[in-house]
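Q: The chain contents come next:
Protein chains: 2
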Amino acid sequence: MADTKWVYQFKEGSATMRDLLGGKGANLAEMTNIDLPVPPGFTITTQACNAYYDSGKQFPPNMWDQVVESMNALSKAMGRDFSDNSEPLLVSVRSGAKFSMPGMMDTVLNLGLNDEAVLALAAKANDERFAWDAYRRLVQMFGKVVMDIDGDFFEEQIKLVKQEEGVDSDPEVSAEGWKKTVERFKAIVKEQYGQEFPQDPWKQLELAVEAVFASWNGKRAVDYRNHYGIPHDLGTAVNVQAMVFGNVGWDSGSGVAFTRNPATGEAKLYGEYLANAQGEDVVSGARTPKSVSELAAEWPEIQQNLSDIANKLETHYRDIQDMEFTIEGGKLWMLQTRNGKRTAAAAVKAAVDMVGEGLISKEEAVSRTEAEHIDMLLHPRFDEEAKKKSKLLAKGLNASPGAAVGMVFFDADTAEQKAKEEGKAVILVRPETTPDDVHGMLAAKGILTQHGGATSHAAVVARQLGKPCVAGCEDIRIDQSARTFTVAGVVVKEGDLVSLDGARGEVYLGAIDTVAPSFDDQHELRQILEWADDIRRLQVWTNADDPEQAARARRYGAQGIGLCRTEHMFLGERTEKFQDAILAESDEEFQSVLDNVLLPLQRDDFYGIFKAMDGLPVIIRLLDPPLHEFMPSREELIEEVATLQAKGATGPEFEAKKKLLAVVQDMHEFNPMLGLRGCRLGIMMPPLNKMQVRAIFEAACDAAKEGVDVHPEVMIPLTSHINELKAIQPLLEEIAVAVMEEKGIQIKYKFGTMIEIPRAALTAGEIATMAQFFSFGTNDLTQMTFGISRDDAERKFLLSFVEMGILPKNPFQTIDADGVGRLMQIAVTEGRATRPDLEVGICGEHGGEPASVKLCHKLGLNYVSCSPFRVPIARLAAAHAVLEEQAERMND
Amino acid sequence: MADTKWVYQFKEGSATMRDLLGGKGANLAEMTNIDLPVPPGFTITTQACNAYYDSGKQFPPNMWDQVVESMNALSKAMGRDFSDNSEPLLVSVRSGAKFSMPGMMDTVLNLGLNDEAVLALAAKANDERFAWDAYRRLVQMFGKVVMDIDGDFFEEQIKLVKQEEGVDSDPEVSAEGWKKTVERFKAIVKEQYGQEFPQDPWKQLELAVEAVFASWNGKRAVDYRNHYGIPHDLGTAVNVQAMVFGNVGWDSGSGVAFTRNPATGEAKLYGEYLANAQGEDVVSGARTPKSVSELAAEWPEIQQNLSDIANKLETHYRDIQDMEFTIEGGKLWMLQTRNGKRTAAAAVKAAVDMVGEGLISKEEAVSRTEAEHIDMLLHPRFDEEAKKKSKLLAKGLNASPGAAVGMVFFDADTAEQKAKEEGKAVILVRPETTPDDVHGMLAAKGILTQHGGATSHAAVVARQLGKPCVAGCEDIRIDQSARTFTVAGVVVKEGDLVSLDGARGEVYLGAIDTVAPSFDDQHELRQILEWADDIRRLQVWTNADDPEQAARARRYGAQGIGLCRTEHMFLGERTEKFQDAILAESDEEFQSVLDNVLLPLQRDDFYGIFKAMDGLPVIIRLLDPPLHEFMPSREELIEEVATLQAKGATGPEFEAKKKLLAVVQDMHEFNPMLGLRGCRLGIMMPPLNKMQVRAIFEAACDAAKEGVDVHPEVMIPLTSHINELKAIQPLLEEIAVAVMEEKGIQIKYKFGTMIEIPRAALTAGEIATMAQFFSFGTNDLTQMTFGISRDDAERKFLLSFVEMGILPKNPFQTIDADGVGRLMQIAVTEGRATRPDLEVGICGEHGGEPASVKLCHKLGLNYVSCSPFRVPIARLAAAHAVLEEQAERMND
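Top line first, the protein sequences correspond to chains A and B. According to our numbering, the stretch in the first sequence is residues 257 to 1148, in order. According to our numbering, the stretch in the second sequence is residues 257 to 1148, in order.
Be aware that a few hints might be false.
Which copy is meant is left open, because identical chains are indistinguishable; a pair holds if it fits in one copy or across any two.
Computed list of lysine-lysine pairs in DSSO-like fashion (alpha-carbon distance at most 27 Å, straight line) [said to hold, decoys possible]:
(1) 651 x 913
(2) 475 x 597
(3) 961 x 313
(4) 475 x 618
(5) 749 x 680
(6) 903 x 914
(7) 435 x 644
(8) 982 x 1065
(9) 400 x 475
(10) 676 x 415
(11) 749 x 914
(12) 645 x 1004
(13) 903 x 915
(14) 833 x 651
(15) 749 x 645
(16) 915 x 475
(17) 914 x 400
(18) 643 x 546
(19) 749 x 267
(20) 915 x 676
(21) 913 x 645
(22) 903 x 913
(23) 915 x 749
(24) 418 x 435
(25) 915 x 680
(26) 380 x 903
(27) 982 x 676
(28) 442 x 651
(29) 913 x 418
(30) 1065 x 597
Since the hints were made in silico from the structure, they are not lab data.
Given only the sequences and the hints, what does the whole structure look like? Please build it.
A: Below, the structure written as structure tokens:
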């Protein structure tokens, strides 16, 4: 240990040493080594930090000696002396872990000043005010970050001094004022910390280094690492660097610049600077900084210099750089560089441009594009300026991204009527939504619910529809009878305007202007996605229930329909017809409604979809939900009948209501999720599925006869036992064959099943004897594998569990690899063992979530299927999966 | 195929050839070969039956040739000629599958008679009446079983002939009368069947053989095989045997006898016979048969002969034999032997006796004892006091023991419908039963018949099914059209409740309370179970929630408590207190109810259980169900509030009700099974579980201080992720340690979890890092693995699925080995890989079901835990598992 090298001069390090030197230290070293003007300094390693903790918070042997040695070398290089107050060497001390992390100690500047050195600095700079200002900054920062004294104590004193001097801003405070401030700050330190502010620069340094180490295990840093899954044993490095000052005259200054525009991606230096200022002054907003484009006029040499450095850095790092610089007496110093944060648009444009410039490969461009970028680029957004001026009412879950403005209505019927008949932009506000509300959701611009999580009905349907949704907004109190909701004292009435930001889960009062993107116009994005298509192995299909959705998804790059839900086709104005069938008093009546009413409607639905998907596979799922979902609410009927009864109602209408209640009561299930639905319903009531298969094949044959290349695949839902398929599939295949005979045309088709029940996965080898394809219904599979009902759980405990860290992620957003993923693995392996050409995909909400898409790639699925809007994301994620796999293979 | 031997002479076969010759044929062959007096004959193999079906219902090549050859050999042996009407050879034709099966063709007697042969027979026997009676029997049986003509047509004619002759009973009908009957029967055949009754004996034989084959796939036989899980590809054999006649004079007769008493097991010949009668006359009840004990006086030689044969057969078969015999002209012929059906008491007594007699080994005795026997022996009986106060309606034969209470229904279809669809307890009341009634008997709790004796259809089937049966209850008068029965002026209508005491043959009006029989008195059973204990490897624990249950289970042989459900302790009069806790408005109020009200109650509960289980482990499960289960019904509250509202209610009571409804609404879950319960509740509300653990350890320490040897094991329910255990278990272990410190005593304890969610099984390796034991909750595990809610499914589709053969068994009764069993296998293997001494058991309802117990043995579990009444069954099944394993190993 004693021989360990704990300290690296900047010139000894490099960008590849992030683990040891932290991100900041590695970049300072890299810049030093490519001969950029970096103030000299050194880095104490992350290893030292870990050794410090391992030995019960003691500096490891020899570390301090190496620090002293390095400080002495630094003194020498700078022509100063850290031990001599007459030749003060001032340094900054900063933490620098591998990943930047809020909650860790930031910076102490001007370290090395004391009551004597301040005078020497004043003399040397010939600026007493500058020196005392520097000193008070040291005491203030040191007190706050090293000694953990509440910053308010210092701020109050500064206010007081400004009052005393009758000035408004810090720059106006006099030398005397800052001198007085230093005295008062030192008194605060004495009182709050219990010891004098240390006059010995070495003591200052020792305490500051220890404070950086300590901040690694501060509560906020630990929580942050827990949240983002960053290991706790990385440790932080400490960077000690000679100070340069941008505030020593009008030939000095400080600035921040990006090598390209971080908002648009435009390949042009972008940033701000202030003359005669320190870095913190640029971002504080006290003075208005100038654009770096003005540098050329003010300091042409500096401009040229900075521009050269920017090019060098970008070429070196092959990415947009975010730089900090200081000009001290006309000399440019680089204080930091790092990959620049950027907007989605900028990220995409820069990536494409850089490929054009030969700076990066197509794979790198794809790899750098993030799913969030696509999300942001494709959903309408609020104008940020307009948003700032609006009143934020409440925050809920960001259930479905996008921006929506409209009048609030509190039930689906009214919402639909206002939208359809009066052409109003509507926001549907509900305690939570059910399939009964879908017509209202269809008509609305956005949905706001009080209850329900990211995979609640409202959220799922909204994402499917591409409508903004804020769900689980528990701050609002809906009063259905008054037709209002209340939040923080504000009462929002029916018809009032609100704006929803679905990407952020925000609800604003009033209308905010929006800007809507078009996929066709996103040339760079489309370029990236085409590159992604060349890379990926996994196909991307879509969940689409009507021709319009299908067409849109196809524009977004969908290669098939992985899930066409037929239940949506029984909703809206068709609900009543379907209820007629359910309530039919004889088999004949039931069959007649099926044949004469529902069959033609379904056939038309399918016909349009087949045409839209010419040449591509279309998986149609047979009716899945329990029949009671199509009936009126049981609770409302109980209430209604009780009310009528209490009022002494009689007569046929009351009797009919009572009878309806009896039917609905009989259909009631304690756990409908695990009840009579899916193929169970099909087996108990074969005419329903038979009608659907007839509609599918009549439509497919009709389309095929017109030259459309149709690939229907019939999906049987909720299988748990091979015998269920044996019971129903042959009946349905018979109909397929019969229809093709009737129509006089042969088409290719498949019959397959959903794998959404654990037992189906566990017996997939058997199930594949009947099923020609598997489609994982990961929503239900997650519900059953976890024993969690998503309708209830997100509201009751699931989100708390994620917050408490009990669940690493919400398993309804990201597939749980260990449980659900293991079942999928079993199903894929054993299904393919039975039927090597088994087509396997996923059609749950997870199909558009990047981590889940990567899991699907790993498991060797043929495709993922997701809502149209998520198709581009899935295309990207599928390519990422390949690139990550290649990277891992190279690391092995 | 042509070379295949399709036909075996009796002397060519043996008892080991059941697969090929069927049970009846194999036994006839065996008896022939041990030199018992068996009328000669042959068997057409089951293989021929299967070949018949495989070739589209054609006799396989060469089969008929072999039949002809065998018939000619038989003719020769008997000195007759099947082709010559002047020397008629009469044979019986019977089906005979590997397992005896109702619904299969029974018997055609006297085959070979025709219009000519009848005259030769009359001349030969010198008895015209006998010959014509034999002929009419042939036409009648042939018509019914071969030609499928409704038997009522024939019965009506017999009635008519008796009227015409002015006699009451069949034996009184004259030769002329039977001759006339034959003519009329032939006319019926012509009319109903469309063809003449075949005069050619060979044609008769061909049709009869084909009818036997056809009956293998008759609906009733198929249903029966489905019900009992008998494979459909076994096929049936056909036995053709020379006729002997018990009705050719007063030195002839027929009888049925058991080698031991089939009701009590007493080692004494038991049975009935009738002089001058055919076998069917003995069972028909037309004449009252004599007991075989009277044989010694009437026919001492026959008695000695039969008794010797009985001994020989029992020694040969090493089991109770059920024999049919005929005496023709003073000579004893054995027509059949088979293992005798017996009551549970007889089975157990005979097994123990036979071990004593050195006839069988202890292992064989255990292996022969069936779970159903224990069920019946321990099955509740009527409370004698309650019985005394009830109205005895009638007495009949004590045909099958047990106590049954239910509503009377008068036909099998209605009985089945009421039982299955409406879940009613049903008593099937019939004049007498036939194989057509079996589905109703299966569905009924008990059977009551007006006619028929101890060997009637009703009696035999009821004993086999273990259902109480009162047969031959001639006091009752059934009016089928009115759907009533009348007895001594009391009219019992359809749907009225009656109670049957099958052991005493008593019928009571109304429902009588039942009591459990005393296990202590069942000496033979206890002997068998002790032998079983020596054999089994699997331990048997019990599910018990109070000291009384615990003590009872211990008497039944339980070796620990595998599940003590604490939620039952919050029910009854404690519900209100628990509701107070749930409705507490502050954490303090909540904690106060827990500390002051519930803690002392729970401590007392546990203390009693620990004392009762001194020396044995006790697993206590922390609160599992969702809290809303302890609250008033949501639906009732909705109704109540709506009613009050409609009536214009106001005031504090109404407000309180509304508030309660709001609370209950808020607690409502769409799928409570997958909701906020188990450890989820514990994690969201830790004080609840903490109170429970404190109560457990306070009770355990108190008991331990008094010298009780306590082994508490705390079970955390509904775990799905290791982090749930990490979140709650340490908090609870802390309390355990704290209580032991407070009480100043150390006890051994474990913390473990239920494995009842698929994900827990799939990640058992991780979960075992925290859990010291696993207990499979196979009810919930089945629900989630299958995606089936038991509450809903059995009513809506599950039972239909079992009936339709989609599910081989109800997975809530027998563990589904492929799905649920596979998850259990994963959990056991991976849990033990992490923690080799992991204790693994099962505490679902399956723990007492024999097939499931065997699966648990195979999976290497440490124990099964079941309700106290099922403990003896589980002990036996665990021993069976070992014996079957040994047998399989020997077969390998």
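Q: Which holds for residue 442 with residue 651 at a C-alpha limit of 27 Å: within a copy, between copies, both or neither?
A: Result: close neither inside a copy nor across copies, 42 Å intra and 91 Å inter.
Q: Between copies, within a copy, both or neither: which fits residue 651 and residue 913 at Cα up to 27 Å?
A: Answer is neither: 41 Å inside a copy and 32 Å across each miss the 27 Å cutoff.
Q: Regarding residue 749 and residue 914, is the shortest C-alpha distance of 27 Å or less found within a copy, between copies, in both, or in neither?
A: The answer is between: 25 Å across copies meets 27 Å, while 35 Å in one copy does not.
Q: Given a CA cutoff of 27 Å, do residue 749 and residue 267 count as a within-copy pair, a between-copy pair, both, or neither?
A: neither (56 Å within a copy, 97 Å between copies)
Q: Checking residue 982 and residue 676: alpha-carbon separation at most 27 Å within a copy, between copies, both or neither?
A: between (46 Å within a copy, 25 Å between copies)
Q: Which holds for residue 676 with residue 415 at a C-alpha limit of 27 Å: within a copy, between copies, both or neither?
A: neither (38 Å within a copy, 80 Å between copies)
Q: For residue 903 vs residue 915, is the C-alpha pair at or below 27 Å within one copy, between two copies, both, or neither?
A: both (18 Å within a copy, 23 Å between copies)
Q: For the identical chains here, do residue 915 and residue 749 meet the 27 Å Cα criterion within one copy, between copies, both, or neither?
A: Answer is between: at 25 Å across copies they meet the 27 Å cutoff, but 37 Å inside does not.
Q: With identical chains, the pair residue 913 and residue 418 could be close in the same copy or across copies; at 27 Å between alpha carbons, which is it: within, between, both, or neither?
A: neither (76 Å within a copy, 62 Å between copies)
Q: Can you tell me if residue 914 and residue 400 fall within 27 Å by alpha carbon in one copy, between copies, both or neither?
A: neither (70 Å within a copy, 51 Å between copies)
Q: Should residue 418 paired with residue 435 be assigned to within, between, both, or neither, using CA atoms and 27 Å as the limit?
A: Cα proximity of residue 418 and residue 435: one copy only (13 Å, versus 137 Å across).
Q: Evaluate residue 915 and residue 680 at a C-alpha cut-off of 27 Å and name the case that applies: within, between, both or neither.
A: Only across copies: residue 915 and residue 680 sit 24 Å apart there, 38 Å inside one copy, limit 27 Å.
Comparing the model with each numbered hint stated earlier shows that hints 1, 3, 4, 7, 10, 12, 14, 16, 17, 19, 21, 26, 28, 29 do not hold.
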